[in-house]
Structures are given as C-alpha cells and as structure tokens.
Amino acid sequence: MPPDRTIVATGGRGKHDKMISKPCSKISRHLLATLGGITLAAFAIPAQAFSVNIANGAEPGTLDPQKTSGTWETRITRALFEGLVTYAKDGSLVPGLADRWEVGDDGKTYTFHLRDAEWSDGEPITAEDAVFALRRVLDPAIANQNANLYYPIVNARAINAGDKSADALGVEAVDSHTLRIRLSQPTAWFLQALAMTEAAPLPEHVIAKAAGWVQPGNTVSSGAFTLSEWQPQSRIVVEKNPHFHAADSVEVDKATFYPIDDAGSALNRFRTGEMDIAYSSVPSSRFAWARENLGDALRVGPLTAEYFYMFNLHDGQPLADKRVREALNLAVRRDVITDQILGQGQTPSFWYVPRNTANAPQGELDFADMPMDERMARAKALIQKAGYGPDHPLRLRLNYNTLEDHKKIAVAVAAMWKPLGVEVELINSEAAVHYATIREGNFEVARYGMVATINDPFDFLNAYADNGSASRSSGYHDAEYDALVAASTAELDPQKRRQLMTRAQQRLLDDYALLPLYDYVSVHLVSPDIQGWESNPMDVHPLRYLQESEQ
Amino acid sequence: MLIYTLKRLLQAIPTLLIVITISFFLMRVAPGGPFDGERQLPPEIEANLMAAYHLDEPLPMQYLRYMGNLLQGDFGPSFKYKDFSVTELIAQGFPVSLEIGGLAILLALIIGLPLGIAAAIRRNSTVDYVVMGTALTGIAVPNFVIAPIFALVFGVLLGWLPAGGWNGGALPNLVLPVVALSIQQIAYIARMMRASMIEVLGSHFIRTARAKGLNEGEVIWRHAIRPALLPVMSYLGPAIAGIITGSVVIEQIFGIPGIGRYFVQGALNRDYTLVMGTVVFYGVLIVLMNLIVDLLYSALDPQIRYDD
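Chains as they are written, first to last, in my numbering: chain A, -6 to 544; chain B, -11 to 296.
Heads up, a few of these hints could be off.
Unchecked claim - Stretches of chain B that chain A covers, calculated by requiring three or more beta carbons in the stretch to come under 8 Å of a beta carbon on chain A: (1) 13 to 24; (2) 36 to 48; (3) 69 to 75; (4) 142 to 148; (5) 204 to 215; (6) 252 to 260.
It is worth saying that the hints were derived from the structure and are not from the lab.
Since this is a predicted model, take the numbers as computed values, not measurements.
Heads up, the beta-carbon is just placed ideally off N, CA and C, and yes, glycines get one too.
Let the sequences and hints guide you as you build the complete structure.
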C-alpha cells in the first residue's frame, strides 16, 4: 500500500466524507504525503508517486484479454493491452497502436498503420502480433465469448466453428507495420469491435513460451501499465510501463485493484480513504445516504444497458397473443419503478435500445404519451378481447434472478397488472438457474438485463434477429426485422443506418415483443482528488488518463 | 495406536470416494451451467466453451476423467478463475483461512473456556447469568450482522482499525475478522464447557476428591477440568475443520483472500472443478480432525484406550 495514502487513511472521519472538501484537510493531507515521502526516500520510492487504489468488484477470472467476461476484468486488461484503436476518457474511439487507418471504398478492407511501439520487454510491436491476436481470438480452443464480434472478417465464423484453419482468416501483415483486414461484408461497428481488449495485439513471443503467460514475471504488455503483482482474492498491482508509446502523458505511477465483492465493504473502504475509486460500490439501499453525504464523489452516469422483461412468444404460450403483450405493456408505470423504487436517475424506457447508445434508433412504444387512465382502459379492453376475465383470469409466471431490486420491481409490476385481473406467480432463482431457464425457453415472463459490449445498437438489435440469443429464447421471428438489422449492419452512412435501425426497433415495439422498463445508470465513487475520470455510456475509464487534482 | 491410526485412515478412503461421487453428480444435476449468465452466448461460442472444458462428453466419461486426474493429485483448472488451477487456488487461500480461523479458535478457547468454567462454578449467580446471557446473544446474532457493524464502527466511524483488506496479514487487518469470527465460537464453547463442568462437578469422583479434603481450587484444576473438556473436544474437531476452511461472510465483508468464498461462489458459478476441489479438501480435513480428536481423547481420559 502506498505510504502517501495510508497515513491519511487513519483518523476518525474518512477523507471522502463531507469534511474532505475543506481546504485544511487537503493541505494536511499533502503535508503528510510529503512527510511520508521523506521518511520513505531511503527505500527509493519517488516522493511524488501517484498511486491509485481501486475497489474493483469481483476477483478477475482471468487477465488473458481474450478469455475475460466482465468489466471487472477488462478494467485491468485495458490498462495492460493497447488496441489498434482505443478509448478516450469520454469513451469515444481514438488511435491506439495504429496511428492511422484507411477503409476501402467498398467498406470491406481496413488497412492499419502501426506506430513504432514496443512491448514492455523492449521487443517491437508488429503487425504480426495483431494477426496472431485476431487468429487466436477466433480459435475455438480459446473459446472467446465475444468472438461473434469478429465474424465479419473473412472466414472468421468458419474458423471459430472449427471448420477452417486459422491461417484462412482474412487478416494479413503486409509488412511489419501494416495490417490489412478483409471483411466479408461492410460492417458499420467494426472499429468498435477492434477497440475491445479482445482484439488487441498479443505478444506471440511470450505466449508461445509459457502457459501461465498472464502471470506477473511472465507477461509483457503494450498498454500504459505492466502487471507487477497478482495475489488472488487480495490484490492486483499494475505499474507505469516506460515502454508505452504515450508514456509521457501517463501520470499514474501505480494502481492497485482490490477485489471487493461486497458493495457495502467497498463503500466503507472508500469512506476511510483507503480506496480512491470504488466501482459499483453503493448498495441501492445506501444510495440516498450517499447522495446526501458523499457530494461530488458519487458519480452517476449513463450506461448502454437495458432492463426489460422478456416475453415468451412461442406457440401455445399465453404471450403468443399480441393483445396480451400490449395490455401488459400498457399497464406498467415505468416512472414508478425508476423514481420510487430505484431513485438513482434511471430513465423510464419505452424503447429497447438504450438512448445513450451511439447511433441509438429513434421511436418508442405508441402509448408513451398517453395518459395513464386511457392506457388502463385500453389494456383492460385488450385483455377481455383476448378471452380473459374474472372467471378466467390470466395466470402468469414471472421469473427473476436473486437481487433485492429485481424482487421489488417484480412485486410492483405484478401489482400494476392486478387491475387487469392478471394473477402473477413470482419465481426467484439464482443467476445460473435463471439464465438457464431463459435459454431453455422455460418461462412466460423473465427479467433480463442486456449490456452492450460495444457502443452500438448492434448487440441489442441482433439479439432479437434470426438466431440471436433473445430470438431463440423468446421465439420472436420476423423476417422483415431480420432484413432491416442485416441491412443496418452493412450500411455505412450513419443517417441511413439510423433510419434502418429505427424501423427495425419499431417493428419490435409495435409487436410488443418485450416489455422495456428502464435504461440503466452506472453508480461509482471517485475521490475528488482524482481528475480525468469521466462518466460515459460505455463505462470505460482508462487509468492512463487519471490525474491528481491540483490544489 | 499406530495401527489404529492407519486403520482409520484406510477407512476414510471409501468415505471420501462416496463423498466425491455424490458431490460430482449432485453438482451436475443442479440446473444451470457454468456459462449461463446475463450474456447469452451464440451457439457456436457455447459449443467451443463446452468442448474446451470437456463438458460435451457424456457424464460418466467426465466422471472417470475427473477421478483419473484426482488420483494424480490434479483437481483440474477452475472454470471461473481460468489462470489458476484449483490446487493453486486452495494452496494460496488456505494459509490465510487457516491463520484467521486458527486465531479465532484460539481466542474462542482462551475466552470461552474460563467463562464456561466460571459460570459452572458460580452456577445461578450473577456471573452465570451474565456469561450465559451474553453467550446466547453471541449465538443468536449471526456473522453477517456482526461483521458489517464491526467494519462500520471500528473501521469507518472510529477509524481504529482497517475496515477491510488483508495487507499480507498485518496485525491491524487481522483483529476485526478474527474477533467477528470468534464471537459465535466463544459463545458455543462457553455454554458447552459450563454444561459439562456442571455434570462433572456433580459426579462421584469429585465428591470423593472433596471428601479427601482437597480444596476447591485443586478439585477443579486437577480433577474436574480434564473430563469436562471431552465434549468440547468432540465439538472442536469438526468445528476447527469448518472454521479454518474460511467463512464466506467474513471473507467477503473484510476482503480476506481465504478459501471460504470458493465454497459458495464455486457453487453459484457452477464452477464444477472448484466445488469438487473444496469438497474433497474439506472432507479430508474433517476426517483428519476427527481422528486427531479421537486420539486426544485417550490422552484426556484414561478410560479410553485404543488397543491395536
């Protein structure tokens, strides 16, 4: 633990509580930091070392950037591995290891020009490393969970299915600093996919040597930081990489990621000043308190994620009847859920693709502006027409996975459906069972949270398209919808593409194929001592941009 | 005694085999798999994952593969923690759990035994009522209530101790988790010691000792405590095995890198190999602890002898 932070961590009141904004405590903090620096000078630790402690949620399952599955992992892998393109602090795309690129007129050929950059062991980063990484991410044995984002590359899908060998991939190193990628069709979001750490060039010279290549001591990195320590369930330490191509602009010398599963514990350790950043660390029951007491440290931001109820539309299901789906949609007061149950700034949603997503389609459910009593009257009429009434009530099962908020929402929705004569059986199960139930289509209404992997409507729209995950589970099939989604993916003109996506989403909404509830928000804690951390819909906050606040 | 010990160890093998087999199949019968999550995977990708972990093979085949590896001491790779084998995870986490759990048990004995003895000697006195009342509260208030309160009061509000974290096992980081973990044990041990002490104090040989004219202190120290410890000993065997394998609540709330969380997280994540690894490890510990307790019995009670 860095000395300049521990000294101030003691003392009765935490530095992140309200008092911290007082200048006197700030000055004493710096005084103490300086004193700490002097006493430790003997150990050759720079007095002004800027180190950041991060409460990072769960223990990473892996630091192999091609095997990760969650944000608590990519927050670390992104610090270690730089993509050809990468994220700015606002989440937009900027050049990474490639300093420029050209896209062919047909939209199917990408040529990347790599800058002169080195791995942290001094070896040059070459186009071959990029080829190696893209072949590896599609290798069936690696079993990458986002491999489908690279299917637009020529032969990628067949390689990932084990039908073709890796060298058939449409990726080649023209020379040591030029990479050419050929796509089988133009893909509007392809650069977004390349920004994911999954696609970052990898050090073949290291991976070939050691099975545990992502362990400290074995691994090398291309990003702003190198991995210096990994104690499972305890901490992961990364330190500034002097070989990084933009090392001069990196101010953080060292960052320590602590796995803290329990949000309440993370909040405590943030309050004592031990943590400078705490991700998803405000339990919803403490949110009101945090807003009162933590001031600017509480960061509520947009998120490209949607909370909705999936309907089972398979034949024979009660929700195969569109009138029932419409009635259920009409009766739910989304603002009650966002304002009275959650109260963290979530947006009530009358659409499917979250509005904060880049290029998000327009349009909404047709009743969005209708007064509530009119909505209820229409809903009751529809339910009656569908053949349900006091003698023959509609009985529905509503599945949700274990979480207090999911339960509260389910109870509220069941109460909102009650005036329609709908009798709801609430079924709670742990996550693995819940999602297996959905996968097997063994549900009527099921809670679902969909989070975008790239800042684009593609993940959402594709899920309901032919053979998408939501389509398979819910039984939704619409050839025209599929055609619109396919066309929108291949359309490179942003205006036209948005129109296509709007039409696609509208078909889904006019069919009431699902019940959208709200657009998520992200809730994090960031010490006022840190600058360069920005809320953004992708919820990416690269370490390399963080700075210490000037006094 | 040596032969007795060997016999007991040999008997443990079929027991463990049954435990492993039942756990293996129970785990697979549970609905949901290791890759069922919020993000539903495309079929091709799911197939790749299943193949990578041999989950596409028939179940009996998987069982044989697992047992074969186990015989070579290989618990397999964790499904969730992909960069570590289950053996590595246990090897890294167990010393931590052992330290926290061992200290907690030690603390529980140091405090619990004297309290129990005192309550027994002064039965129905104020001392007795206070000790037993406190003990009952200790048993009734669960870890997941005590631990966050400790962290909030001593860590955040008073700032005397770290609110969490391991920090390589530094003393200040140990205090809160060890105390929180030991409270229930103190309560159990005190109650058990009191009950067995009262029973022993009412027995004939104590009456004889008193009749010989020994003073009360000598009666208690030389004659009563040893036999009164026997029930506590039998409780301690499995209790120690349970405590040194970690507590998921204490570990999550204080951020302790032990193995307690693997029992629960492994099961929730359907991390089959991790669950199996912890079950086998826990099983072996239980067998060993029970054996040690039985051997200690003969040391404490001259009536018990293990004839070869």
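Hint-by-hint comparison with the structure:
1. 13 to 24: holds (count 6)
2. 36 to 48: holds (count 4)
3. 69 to 75: holds (count 4)
4. 142 to 148: holds (count 5)
5. 204 to 215: Since three or more residues must qualify, the claim that chain A covers the segment 204 to 215 of chain B is violated, with 0 doing so at under 8 Å.
6. 252 to 260: holds (count 3)
Checked against the numbered hints given earlier, this structure breaks only hint 5.
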